[in-house]
Amino acid sequence: MNAVALVKQVPDRNSAFRPAGDWIDESSLGYGINDYDRYAVEAALALKEAGHAAETVAVTAGPADAGQVLRSCLAMGVDRGVHLITDRAHLADPFFVARALADAVSGLDAGVVLAGLLAEDSGHGQVGGLVAGLLGFSFASAATGLHFREGRLEVHRELEGGRIAVVELRLPAVVAVQTGINTPRYASLRGIMASRRKPVERVELSPPAGGGGLRRLTLSRPERGASAEILPGSPEEAAAALVPRMRAGAGITFPGDAA
Amino acid sequence: MSRRVLILAERSETGITDASYELLEFASRLAGGPEGVSAVLPVGDASEAEGLREVLPAGELLLVEGPALAAPTADGTAAAVLHAREASGAECVLLPHDPTGWDVAPLVAARLGTAAATAVSALSWRGDGLVARRSAFLGKFVQEVEAPGLPAVATVERGAFPAREPGPALSVRILPSPVGPGDLRSRLVEVREAGAGGVDLTAADVVVAAGRGLGGPENLDIVRELAAALGGVVGASRAVTDAGWLPHELQIGSSGATVSPKLYVACAISGAIQHLVGMRGSRFVVAINKDPDAPIFGAADVGIVGDALEVIPLVTKAVRDSG
Ligand SMILES: Cc1cc2nc3c(=O)[nH]c(=O)nc-3n(C[C@H](O)[C@H](O)[C@H](O)COP(=O)(O)OP(=O)(O)OC[C@H]3O[C@@H](n4cnc5c(N)ncnc54)[C@H](O)[C@@H]3O)c2cc1C
Numbered sequence: 001m002n003a004v005a006l007v008k009q010v011p012d013r014n015s016a017f018r019p020a021g022d023w024i025d026e027s028s029l030g031y032g033i034n035d036y037d038r039y040a041v042e043a044a045l046a047l048k049e050a051g052h053a054a055e056t057v058a059v060t061a062g063p064a065d066a067g068q069v070l071r072s073c074l075a076m077g078v079d080r081g082v083h084l085i086t087d088r089a090h091l092a093d094p095f096f097v098a099r100a101l102a103d104a105v106s107g108l109d110a111g112v113v114l115a116g117l118l119a120e121d122s123g124h125g126q127v128g129g130l131v132a133g134l135l136g137f138s139f140a141s142a143a144t145g146l147h148f149r150e151g152r153l154e155v156h157r158e159l160e161g162g163r164i165a166v167v168e169l170r171l172p173a174v175v176a177v178q179t180g181i182n183t184p185r186y187a188s189l190r191g192i193m194a195s196r197r198k199p200v201e202r203v204e205l206s207p208p209a210g211g212g213g214l215r216r217l218t219l220s221r222p223e224r225g226a227s228a229e230i231l232p233g234s235p236e237e238a239a240a241a242l243v244p245r246m247r248a249g250a251g252i253t254f255p256g257d258a259a
Numbered sequence: 260m261s262r263r264v265l266i267l268a269e270r271s272e273t274g275i276t277d278a279s280y281e282l283l284e285f286a287s288r289l290a291g292g293p294e295g296v297s298a299v300l301p302v303g304d305a306s307e308a309e310g311l312r313e314v315l316p317a318g319e320l321l322l323v324e325g326p327a328l329a330a331p332t333a334d335g336t337a338a339a340v341l342h343a344r345e346a347s348g349a350e351c352v353l354l355p356h357d358p359t360g361w362d363v364a365p366l367v368a369a370r371l372g373t374a375a376a377t378a379v380s381a382l383s384w385r386g387d388g389l390v391a392r393r394s395a396f397l398g399k400f401v402q403e404v405e406a407p408g409l410p411a412v413a414t415v416e417r418g419a420f421p422a423r424e425p426g427p428a429l430s431v432r433i434l435p436s437p438v439g440p441g442d443l444r445s446r447l448v449e450v451r452e453a454g455a456g457g458v459d460l461t462a463a464d465v466v467v468a469a470g471r472g473l474g475g476p477e478n479l480d481i482v483r484e485l486a487a488a489l490g491g492v493v494g495a496s497r498a499v500t501d502a503g504w505l506p507h508e509l510q511i512g513s514s515g516a517t518v519s520p521k522l523y524v525a526c527a528i529s530g531a532i533q534h535l536v537g538m539r540g541s542r543f544v545v546a547i548n549k550d551p552d553a554p555i556f557g558a559a560d561v562g563i564v565g566d567a568l569e570v571i572p573l574v575t576k577a578v579r580d581s582g
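These protein sequence lines are chains A and B, in that order. Per our numbering, the very first residue in the first sequence carries number 1; after that it's consecutive. Per our numbering, the very first residue in the second sequence carries number 260; after that it's consecutive.
What the hints contain is simulated information worked out from the structure, not anything from laboratory work. Please note that a few of the clues may not be correct.
Straight-line alpha carbon distances no greater than 25 Å define the calculated SDA-like cross-link-like pairs of lysine to any residue that follow [to be verified]: (1) B:K549 / A:S15; (2) B:K521 / B:D480; (3) B:K576 / A:A258; (4) B:K549 / A:A240; (5) B:K521 / B:A487; (6) A:K48 / A:G107.
Just chain B, with the same shape it has in the complex:
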């Protein structure tokens, strides 16, 4: 049976985003071929998208056009997606699992009278619905959920599928925007670029990262001592910097620094996906955690299951004694 799947394509400076190419591949597999994939691109003016039809390999490209859509907003993008959903008759709407998807997916789902399957890594049809494989408990477990009715909405994790190669769209349709500027409840004022961080974690050969499981700032000295013994610097998970135990510049992960040291020691860090993307490039990863199920062990080369407060000083001592 052929199915129609709609994805939200997003523009980048050079074309469309890598996340859009991943969605195109994901959608193509779900639809049983690229012909079944519709891509919606909200634009202020269709002429802006001139070159994009050559690099957007969907069955149809739907340009939803109007001044309200010149800058992205949660409600503007949601309106464009819903409009394109109706025009295409898509049975499934796919959005990226990123800040755009978090804004737009629930607004689209609410209008369709359903919830979105989020943080999804695989989808399959089942009867008149979809089964989604997703991450739960901050990455500790995988969950299968069923969206029992169609159309369904899902946000797809980055990296779930390889990116599709650029190629031409088979057809293009221009749809006038269903919303005018006065209809929108939100407005994008500006996007601020990242400020330059103070501490350069990225240059260090050894990073010893502190997690919330250390219990409090009073226990961080053992991490500092291990870092000193290894000739490295101290980094942290977001839970630690948000709690003010260490400054924000030391945060590693999707909303912090990306590091790729020769040695990464994760101390009482659970290993949520947002942390892992910041340290995956490390050559050798050590994890110390009392929970044998902690996802960090899936990203580590060597692990010690135990109380970090007990284990870390023993590792420091063993390093010093071995010199």
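Bound conformation, chain A alone:
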């Protein structure tokens, strides 16, 4: 059985995003792997290292340049990649994406499928669960721990208020991981060199054929009722203007204040 990681290419977190039409202006963005998915990849690698998976496979759906995120997974140590090639705009519908991923996963002899809890851009937070639902696999979201016990998977799920649910899943299973579940490794130079020889299978997806799950309509900046007073001027001037406001607003004195 194999450990499969589902990964998504997302716009670089530090880019300046501008809403445009039904999405953001994508004309001058950098892209990289979704942060949550790095933890999914690490979890897949750890399963193989612990002898619970024969092979690790990373799967992504995205445009041609999304092959970049598969390369970074291979450099981290994943054995091979599957790239489901589709227009970036088609990623708008999580159902379309999940169906394509489920088709791919069904041919991979997956024991455990790891997904990130959510993507930093669209934030739908359900592709892993949809894949589980479509394939009839077990599912647990918000995982902060993963252990094998007698052929079953024990998952720690983060609940609210710091509580943890311990659940046991039959295999095959999909687990959507929370950040912090592990410490994702960085690619070593050797890993990067080795990744060049690792195989990536490319599959062209047919465009969505009507129906489907969700359609984008608009994207906008939220209206903020009471927003912060932004202090103008140079950084020095802003810093100086801040101090009396903090004193008055918080109603406290600071350690260095004259008694």
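Chain B with the ligand: place on chain A using the hints.
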């Protein structure tokens, strides 16, 4: 036109959860009145829910009953919701946007051949579908999406609507569980309560919180110095504690500590909803961020748009000079 909406109700020690009451209110508005709302409650045995019909103000309460549902699981709850959906004919299924909803909504949606609209704060009917207002880019933008077909599935943010007052259900139906214990692929082993945290952030008058935008642990000294100048303690966003720059006890937010100091200074923190719920009760909030669109400015009283690495030492100096 009257519509039928199904919500998942969840039990708490004292009755049903606050999130369930919010869903009831949300659903009632969407259905055009409480009569149009069905609530499903998965139970091991219907007798457990005896008192609940008096406090669950839905048009109908559907108790899906069977030993497989005695403890909640993703697939058990999803099966109960789908069963109740069919029995009620609901055109929309609402779940809480919380760990239960994240588990259950995609399983329900997949079976209905659709995706769920998640992190939703408003819903309206449009033709044979629904339009949802939701949060995207970790709270930076609001998005409208259309679910073009019915039945639709959505997870609703906490606080999107006030909670409905408890009241009696108009009718109750008991449905036998469609799944037996052997059918389930998951089992709840136990729920562990939160361990007591080491550092008491909650007692501090001043919290200076470090975010991922500081770039690395090597830049945290400027935050420590500002905290010292203000007589406060250092806290952090989850991105910072997950990366190991600071210990987990210092994390503020929905999965960390809730603080309500007199002064909260957010340094290079974007202001994701999960962070905001942990510091909203602060008396005065300062945000330092290079991105004028960062949601943290919507939760702050005063902000400086700029490079935190440059601004923070200047603020520290200004505080010291002002004493
Ligand atoms: C179930 C769940 C629970 C969660 N629980 C929590 C929780 O308890 N607490 C929590 O904090 N998060 C929590 N999160 C994560 C949350 O969604 C965010 O990912 C997290 O808060 C982001 O941390 P951040 O603001 O430090 O980082 P980022 O979102 O990466 O923001 C960094 C910010 O720094 C700014 N910046 C970058 N460089 C500079 C610079 N040089 N100067 C000034 N500004 C700069 C950027 O503009 C950006 O706004 C949770 C998420 C989930 C799904």
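Here is what the structure says about each hint:
Proximity of K549 of chain B to S15 of chain A is assessed by CA-CA distance (about 11 Å); at most 25 Å being required, the pair is judged to hold. For a cut-off of 25 Å, the pair hint linking K521 of chain B to D480 of chain B stands: about 22 Å separates their Cα positions. Among the hinted pairs, K576 of chain B with A258 of chain A is consistent with the structure: their alpha-carbon atoms are about 16 Å apart, no more than 25 Å. Using a Cα cut-off of 25 Å, the hinted pair K549 of chain B and A240 of chain A holds, with the two alpha carbons roughly 18 Å apart.
About 15 Å separates the Cα atoms of K521 of chain B and A487 of chain B, which keeps this hinted pair within 25 Å; it holds. Our distance criterion of 25 Å between C-alpha atoms is met by K48 of chain A and G107 of chain A, whose separation comes to about 19 Å.
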